[in-house]
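This is what each chain is made of:
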Amino acid sequence: MVVPSLKLQDLIEEIRGAKTQAQEREVIQKECAHIRASFRDGDPVHRHRQLAKLLYVHMLGYPAHFGQMECLKLIASSRFTDKRVGYLGAMLLLDERHDAHLLITNSIKNDLSQGIQPVQGLALCTLSTMGSAEMCRDLAPEVEKLLLQPSPYVRKKAILTAVHMIRKVPELSSVFLPPCAQLLHEHTRNRLSCILLGTITLITELCERSPAALRHFRKVVPQLVQILRTLVTMGYSTEHSISGVSDPFLQVGGHSSKTMTNTSPLSSTQVATNTDTSRNAGNAVLFETVLTIMDICSAAGLRVLAVNILGRFLLNSDRNIRYVALTSLLRLVQSDHSAVQRHRPTVVECLRETDASLSRRALELSLALVNSSNVRAMMQELQAFLESCPPDLRADCASGILLAAERFAPTKRWHIDTILHVLTTAGTHVRDDAVANLTQLIGGAQELHAYSVRRLYNALAEDISQQPLVQVAAWCIGEYGDLLLAGNCEEIEPLQVDEEEVLALLEKVLQSHMSLPATRGYALTALMKLSTRLCGDNNRIRQVVSIYGSCLDVELQQRAVEYDTLFRKYDHMRAAILEKMPLAERDGPQADEEAKESKEAAQLSEAAPVPTEPQASQLLDLLDLLDGASGDVQHPPPLDPSPGGALVHLLDLPCAPPPPAPIPDLKVFEREGVQLNLSFIRPPENPALLLITVTATNFSEGDVTHFICQAAVPKSLQLQLQAPSGNTVPARGGLPITQLFRILNPNKAPLRLKLRLTYDHFHQSVQEIFEVNNLPVESWQ
Amino acid sequence: MIKAILIFNNHGKPQLSKFYQPYSEDTQQQIIRETFHLVSKRDENVCNFLEGGLLIGGSDNKLIYRHYATLYFVFCVDSSESELGILDLIQVFVETLDKCFENVCELDLIFHVDKVHNILAEMVMGGMVLETNMNEIVTQIDAQNKLEKSEAGLAGAPARAVSAVKNMNLPEIPRNINIGDISIKVPNLPSFK
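Going line by line, the protein sequences match chains A and B. For the record, in the first sequence the residue sitting at position 376 is 376 according to the numbering used here, with numbers rising by one throughout. For the record, in the second sequence the residue sitting at position 78 is 78 according to the numbering used here, with numbers rising by one throughout.
Be a bit skeptical, because a hint or two may be false.
[Said to hold, decoys possible] Over the 12 Å line for every Cβ pair with chain A, so calculated as not near, a few chain B residues:
1. Leu55
2. Asp98
3. Asn103
4. Val104
5. Gly127
[Said to hold, decoys possible] Here's a subset of chain B near chain A, in silico, CB distances under 7 Å, partners left out:
6. Pro14
7. Glu44
8. Val46
9. Cys47
10. Asn48
11. Phe49
12. Leu50
13. Phe111
14. Ala121
15. Met123
16. Gly126
17. Leu130
18. Gln144
19. Leu147
20. Glu148
Honestly, the hints are just simulated from the structure, not real lab data. Glycine included, each C-beta is placed from N, C-alpha and C at the ideal position.
Please take these sequences and the hints and turn them into a complete structure.
If you want it as structure tokens, here you go:
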């Protein structure tokens, strides 16, 4: 006994009855099994019902490909019911990607030529939805015949099918070109708006595809205009169809713009003034008119009329109308900037909308309307918007503001303020080059250094989570730390900033888990720079730097190790290397900011592992040269971006001339193979400074451990001891310990030096205190 | 050009989905989900236009939607269509459904999906607007339904019997049939429509 199959409604009922997803799947799978069995058995009576159920299941997302062949069978059947479902199935299940779709071509051909009207309609509908290129080519003659059939129902469908065919196979344009004129003629006789709608669409499509068609239809333009006029004057606006008719109408008008005679502007104005705007359809027509006016290069008066219509729409209470008005204004703003400017206040009002679509449009339009005269006011509005806008608009808003600021900034200080504000409000959404741009900008504005660094310090003290802000702030504090501590800046309230506070802040940035590795790099470099800018001792900085020498991040570790070496071995070069940055040449707004960054990095981080030809004064001379007036676009030749290339290049320079009168080394201590040597350097640009390098060597058989060297000088001199390179000297000429003494002798008082050594040697602790005799005169004169 | 027409309820369950461009089944389901996600976030008193999601083609395409009680009607169109015109079209569509189903409600759409497809096919074809005159559409649909009914044959007999009984005017039936008389007076059966 065959169980009668479910009707579609019953199946739907069952599926809705399922309480869980799993239950629904069960029901559907059971039913699909029945359907498959039924298809296999080839039951013709209920086939359409089975396919209808399958289509429903397909809509819910379940696989239904096994129904494809059934569609073919149903289409081939002679009953209308079957055909209806079959064609629907073909539209939903078959498309160009499946080879099976070609098999229905023959059925469609038969239906088109011999079927009754509804069947022809079905066939045309299916063809226009899923017809592939091959199908279109095969069936073009059939469709062409139907274009000129007396029945309007079939004709309108045939026209739209023709449009689809032209889209798929452009060569068919030639086939469908001749009937168009006749179709237009028909309209003037019969006034069937649906045919007109279809015909206009067809003509539009043809004009878009080929310029030859365009020329052909130019002759038709007066006829079109006439039709439009009659439509308007006869008050056809009461029908819904008017909007559909007029839109493509005016699009066609737009396409044949070049030979538009005077008649068309007149008709446009007529439409504009006569259209009843109390209904949606009327508004739609008006919008299209406006767009046409803009497209066809009308006279200025007409364009102003168009913009004013749009302005009026902006004040409409209906949000939809405002949205479309904003969209249209956006299209016009490039060509008619001044006319749109008049409506700027209204546009800015729309920024405050809660509706996301509207505010997005308003944002785009506002950004387009910014110019040099209204930039301050607009920026205020836009910044207020940035603070309250939804997150998906933030990135666009931020980058828009930054771009506009760059183009129209009235003063540098305003520009810096604006960028600062954007960074604090929406820091995470700005583009990557914003940081580089800002540093460039600040670097170039010398008079604003103090101001910028104070403001950035304040901003950083409040919040260290916005990475771009932190990076710029760290860079600035590093560069201009001395200005920060100097305490006086007339543009902001005076703020007393302690050295300790600054260092603490930078350390906080370094340690914070919110900081990106790049940010940490900035902070570390800033700390290093501060070691020369600040007057206190550098122990704290040295400590931090040496901690990061064992950091897991390779970049940070490398920097830290290099800086550490800079402290220990190349301390005499440190001041020069960490001088203020010269302003790099800027290639353009988006240009090689990365190159500039790497130049910075190359300059600083490659300083330490440089070959052992100090030639300190030579180096310093050249760095002096490079540190030309900041803002001066002096392109220093050795500063090429290849990492490590910069300073190695400099240091490869020839040895002549030798440094002025080198002071000879002095051996001050010797005991059981342990020796202590002093070497002196007096940097020429700082005559009060004397750098003494103490070297402890061990030629004995036993190691020297726990080596500590301390020194004392007369009160009129200042002594600074750097950390030693270590406290162990291995036996038999192992690696010596070096330590740097910095002595400041501004009064050129005679130099006296007392040394105290303690170390363990041969399992004995040794302590020695002695005064250094025979100090060379050149060391203090 | 209209790229897709979707009808789904407040929970995102699709009641009708028609695509006028070839998308794979997976993509179709994803588009439905994405569109529901975008449209359901909207407030009640904002405008009816949205930027299209990524799957449907990004910001060149727009979603024009209308929310009627428990159903969302969403038309995904590209930039060549007039937004207000399409909004109008949705209105016409719903009014046509109302006329064909007699005070249409969500259940009507759920249980007669195929009929809704047929009505839609009379209005939008191949992604282009075919007919906007409601009366025309309804006339066509009625003609096609009549055709279907007349073909129904045996399978339709129970349904026709039921509708015949509904339409029967009971008082007219004669209480006594004179069996003795050869000519039996046949009651005046109403004609099937």
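Hints, verified against the model:
The claim that Leu55/B is not at the interface with chain A holds, since no C-beta of that chain comes within 12 Å of its own (minimum 15 Å). Every C-beta of chain A lies more than 12 Å from that of Asp98/B, the closest at about 15 Å, which supports listing it as non-interface. Non-interface call for Asn103/B relative to chain A: holds, since the shortest CB-CB distance, roughly 19 Å, exceeds 12 Å. Every Cβ of chain A is farther than 12 Å from the Cβ of Val104/B; the closest lies at roughly 16 Å, confirming the non-interface assignment.
A Cβ of chain A approaches the Cβ of Gly127/B within 12 Å, the least distance being about 8 Å, so the stated non-interface status is violated. Interface hint status for Pro14/B: upheld, as the beta-carbon distance to the closest one in chain A is roughly 6 Å, under 7 Å. Hint status for Glu44/B relative to chain A: violated, with the closest Cβ pair at about 11 Å, above 7 Å. At its closest, the beta carbon of Val46/B sits 4 Å from a beta carbon of chain A; the interface hint therefore holds under the 7 Å criterion.
Here the hint on Cys47/B is kept, as its CB sits about 4 Å from the closest CB of chain A, short of 7 Å. Given hint, Asn48/B at the interface with chain A, holds; its Cβ is 6 Å from that chain's nearest Cβ, closer than 7 Å. Here the hint on Phe49/B is kept, as its CB sits about 5 Å from the closest CB of chain A, short of 7 Å. Hint on Leu50/B holds. Least Cβ distance to chain A is approximately 6 Å, under the 7 Å limit.
A cut of 7 Å between beta carbons decides the hint on Phe111/B: the least distance to chain A is about 5 Å, and the hint holds. Taken as an interface hint, Ala121/B checks out: its beta carbon lies about 5 Å from the nearest beta carbon of chain A, inside 7 Å. Because the smallest distance between the Cβ of Met123/B and any Cβ of chain A comes to about 11 Å, over 7 Å, the interface hint for this residue is violated. The closest approach between the C-beta of Gly126/B and any C-beta of chain A is roughly 3 Å, which is under the 7 Å cut-off, so the hint is satisfied.
With a cut of 7 Å, the hint placing Leu130/B at the interface with chain A holds, because the nearest CB-to-CB distance is about 6 Å. A distance limit of 7 Å between C-beta atoms decides the matter here; for Gln144/B the minimum to chain A is near 5 Å, and the interface restraint holds. Hint status for Leu147/B relative to chain A: holds, with the closest Cβ pair at about 5 Å, below 7 Å. Because the closest C-beta pair between Glu148/B and chain A is about 5 Å apart, less than 7 Å, the hint holds.
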